[in-house]
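Colleague: Listed below, chain by chain, are the residues.
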Amino acid sequence: MKRIAAYIVPVALFAASCTKQPQASQQTTDTATTTTETAPITFDANTAFGPNKIVELQNPQSNKVIIKLMFKNGSMSDPKGKEGLTYTTAQMIANSGTKNMTITQIKDKIYPWAAGYGAGTDKEVTTFTFVVHRDFLNDFYPIVRGLMLEPAFAEDDFKRVISNQQNFVDQVIRASSDEEYSKKALEDLLFRGTNYQHVVEGTSASVKNITLEDVKNHWRNAFTRNNVMIGVAGNYSADFLNKLKADVAQLSEVTPKIPAAGQPNKPNGVQVEIIKKNDALGSAIFTGTPMPVTRSADDFAALMVANSFLGEHRKSYGKLYDKIRTTRSMNYGDYSYIEWYDNGGSFQLPNPGVPRTSNYFALWIRPVQIGEGLKQQYPELKDITVGHAHFALRLAMREVDNLIKNGMTQAEFELTRKFLRSYMKLYAQTEEKQLGFMMDSRFYGREDYLKEMYQLLANLTVDQVNQAVKKYWDIQNMFVTIVTDDSEAEPLKQALLSNTPSPMSYSNLVKEGLPKEVLAEDDIIANYKLNVKDVKIVDSKDTFK
Amino acid sequence: MKNKIVALLLLLLFAVSMVMAQGTQKDKILPYPIHQKQLPNGLNVVTVPYNSPGIAAFYIVVRAGSREEVEKGKTGFAHFFEHMMFRGTDKYSKEAYGDIMKEMGAAANANTSIDRTVYHMTGNADMLDKMFEIEADRFQNLKYSVHDFKTEAGAVKGEYTKNSASPYQQLYEKLVSTAFTKHTYAHTTMGFFEDVVDMPNQYDYSLTFFDRFYRPEYTTIVVVGDVTPDKVNTLAQQYFGNWKPGSYKPNIATEPKQTATRYAHVPQQGFPPYLTLAFKGPAFSDKGKDLPALSILSTILFSQNSELYRKLVVQEQKARFIGGGPQFSRDPNLISFSASVVNANDLQYVKDEMMRVLNDAKTKPIDAKKIEETKTRIKYSFAMSMDSPDAIANSLAQYIWLSGNPESINNMYAVFDTITAKDLMDAAKKYISPATLTVGTIAPAEKSPVK
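First to last, the protein sequences are chains A and B.
Quick note on numbering: the first sequence equals residues 2 to 546 in my numbering.
Quick note on numbering: the second sequence equals residues 975 to 1425 in my numbering.
FYI, nobody ran anything at the bench for these hints, they're computed from the structure.
No residue lacks a Cβ here, since even glycine has one placed at the ideal position from N, Cα and C.
Take these hints with a grain of salt, some might be off.
Stated by the list, open to error - Derived coverage of chain A by chain B (criterion: at least 3 residues anywhere in the stretch with Cβ under 8 angstroms from a Cβ of chain B; other residues may be distant): (1) 107-113; (2) 279-293; (3) 307-318; (4) 325-333; (5) 359-371; (6) 408-421; (7) 502-511.
To be verified - Below, computed lysine-lysine pairings styled on DSS-like, alpha-carbon distance capped at 27 angstroms: (8) Lys1117(B) x Lys517(A); (9) Lys419(A) x Lys452(A); (10) Lys100(A) x Lys110(A); (11) Lys1344(B) x Lys110(A).
As the list claims (entries may be wrong) - Stretch-level coverage of chain B by chain A, calculated; a stretch enters the list once three of its residues show a Cβ under 8 angstroms from a Cβ in chain A: (12) 1126-1132; (13) 1165-1176; (14) 1244-1251; (15) 1355-1368.
Sequences are here, hints too, so could you generate the full structure?
Modeller: Following this line, the structure appears as structure tokens:
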């Protein structure tokens, strides 16, 4: 655990999250429209949490023990004006001590054991993960217990935690990875006005309002015996489990009031926000549209197949990757998503701990070249006015459109399904990941999501996949966010607004060898009409306010 | 995919914890026996059976990375070549290769770093035969068109573009090109941007590159999981047995001795100030005491329960984070210590404090108990991390690229166990000096605000 987080200090490691909490108004309401015309199977995730909700994965062969406490309380239950409070609270558990031990004393004590723990907050759940070698479980456990039942919440630790959090929302989020930035900006747009809008760490204005008193109250009212799920894996005894259960039962008795998850706004046509910043080398693009299906619904299996075919994460097999990267050499990769994928730039396989009830379909187009850059690199492109973003967006949306219209063939379906049934087994290669995926399964009302999907995939037909795509995907109405250089913003805006043809500006080196079919397809893509209704340019410093 | 340069900056920091380790199999850190067999053509085959029903990790380590990029204008080529390895053969076009990979449902990819390129595939152990077949085919018979070559170069430029947004990446690039003047560690694995832009013009050189390095003597196969050494060795002989060895040996310039402090600065508004102190360090050896001593010393001085962390991060709150350690690499590389600083005005203070503890370490012996605790920590950290075929294969791969021999992992740990307080002082005296220091900074000021 830990590692990279150290750099960008407040990056949450073990993300997870859920909802609830008293103050956060009872919502459902301020979430503009939802897409749902049909009612796919939904599940009340709250019922997966509370007394005696436990996931066990005992393994006498293991040399360690992993404990996860997942609370159905995430950033969506942050009080208005104090966005980021759930994250702060979780960080204070992980970075302050207990009544009997300061954080420094704890670090000293667990140092030789290499034991570790951390907190992850997502929109709907917060998860605490503790890992220790079996040799030290008995010594380590009192610390776990102390952190949960008698946290220190020390003033000095709060100063440090909140300073790091403020630093993250003020600076780091805008200046580290344009890809992550455009992804967070997309959520800001999709969920604007709802409790799902703000990034988990809060906003520049809201973090300033969070006090230590807020943290203490939030812990008492929102992290309780009534909204916790216990997970334990590895080499532990029945006695240990009983002790853990008995201690968790001593968490606050409050029954948290859980707001409903904010629903995505329905875009009116294609609505674009271009975020301009200095000295960006490329245009980083994310686009998404509401989709009311989650792992709870059996339809999810059908969408998994279509999604994998279109744009499996970090794989070259997807259509988007094949056409944008492999064939046209435009960027580093292009993928599609039917659920939140945490920190996709750093992970090839998904991590558990980020289950969500509010969902959308998304495309990730990694940074493509901007006009200024292409002009400098290739004399033959000296007259272009805009870079590759417009063409890439057209290409990606057209691919989705084609899939909606034409569907997958039987052969494509068979191959993709076969891939997924094998590939999904790799999601849970370690005990910790197995435990995490099992806990997420319960959130979605499933016993074991990976096993159940394996079976659902087996029963699936290509027609079901093609119908699901028609039913749930929509390219006429999408939100798009593009983080780009300030030189690119205005020309790109004008091109998008007027649906100007965007012929692909290849260097001569690449152009001379391209097959005719590719060039012919390029002509179609360059003139493919996007249903653009609105394009705004936002200065980077004005985002996430 | 297929590329993904390992973020060296992070490696610098985590090398420490990854590297040491140990387990329980008698005195060896790795609790599982390592089976090795060298084929007559020089290809080394390593098997570690591990209880992971139905799953195997199949890794191929090529000991060629950006270190081997000795010619001017060719930086970034090892990484670019890694991309080309996915462009097909006569037998399996890139589309056919993709279909097979998809059908196997394996998690497969590759990455390149300073000393090596690693190709990996984790999936169904029953598919081992197929894994061997397709990998052996592309390693021996890779064939791509000039057009495919030029096209792939755009993806590399895209990779550079996505990385470039990070000021940490910018600092890393500047830091290594300042600290090294002759040795190839002066450029990152990604390469210089102008070389990346020029890559489409280097088709002929790519054939040379393949001819030089994609040879059995540069390569080790590692298989971990639900497999037996007999099976693995048989498949290796069957599919790689006819692979012809080469004869190329790169002439990598020795870095001249540094004699004065150097500075690498990234001016950046609106970003957390950052400081790196990078000293010239030793090359990897699984016998010498220097690297283990420096690793232990770094952990004691800069980990989260160090006195300096307590002072700067917990009490004074002038830094958000401190950490660091020596880079493990084939040739002498950097020992880096970094701090994320709250206020740019404190950069000098934080630097002085870091230098203070490093200088103190030359003369003040460190408490024996602390050293023992650190060794224990290293041991348990490693033991707990060896929890999947992938994790084990990754660890072995690291020692294979460092020394050519996976047993180095066990040898190295044996050395860790012998480190004393005097060894720590000796290492500090030998390596901590302003003469070999490069100071890296990210701050709003135009020039480095640190002396």
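Colleague: Are the hints correct? Go through all of them and say.
Modeller: Cross-check of the supplied hints:
no.: 1; hint: 107-113; in the structure: holds (count 4)
no.: 2; hint: 279-293; in the structure: holds (count 4)
no.: 3; hint: 307-318; in the structure: holds (count 4)
no.: 4; hint: 325-333; in the structure: holds (count 8)
no.: 5; hint: 359-371; in the structure: holds (count 4)
no.: 6; hint: 408-421; in the structure: holds (count 5)
no.: 7; hint: 502-511; in the structure: holds (count 3)
no.: 8; hint: Lys1117(B) x Lys517(A); in the structure: holds (22 angstroms)
no.: 9; hint: Lys419(A) x Lys452(A); in the structure: holds (14 angstroms)
no.: 10; hint: Lys100(A) x Lys110(A); in the structure: holds (15 angstroms)
no.: 11; hint: Lys1344(B) x Lys110(A); in the structure: holds (12 angstroms)
no.: 12; hint: 1126-1132; in the structure: holds (count 6)
no.: 13; hint: 1165-1176; in the structure: holds (count 3)
no.: 14; hint: 1244-1251; in the structure: holds (count 3)
no.: 15; hint: 1355-1368; in the structure: holds (count 8)
The structure meets every hint from the earlier list without exception.
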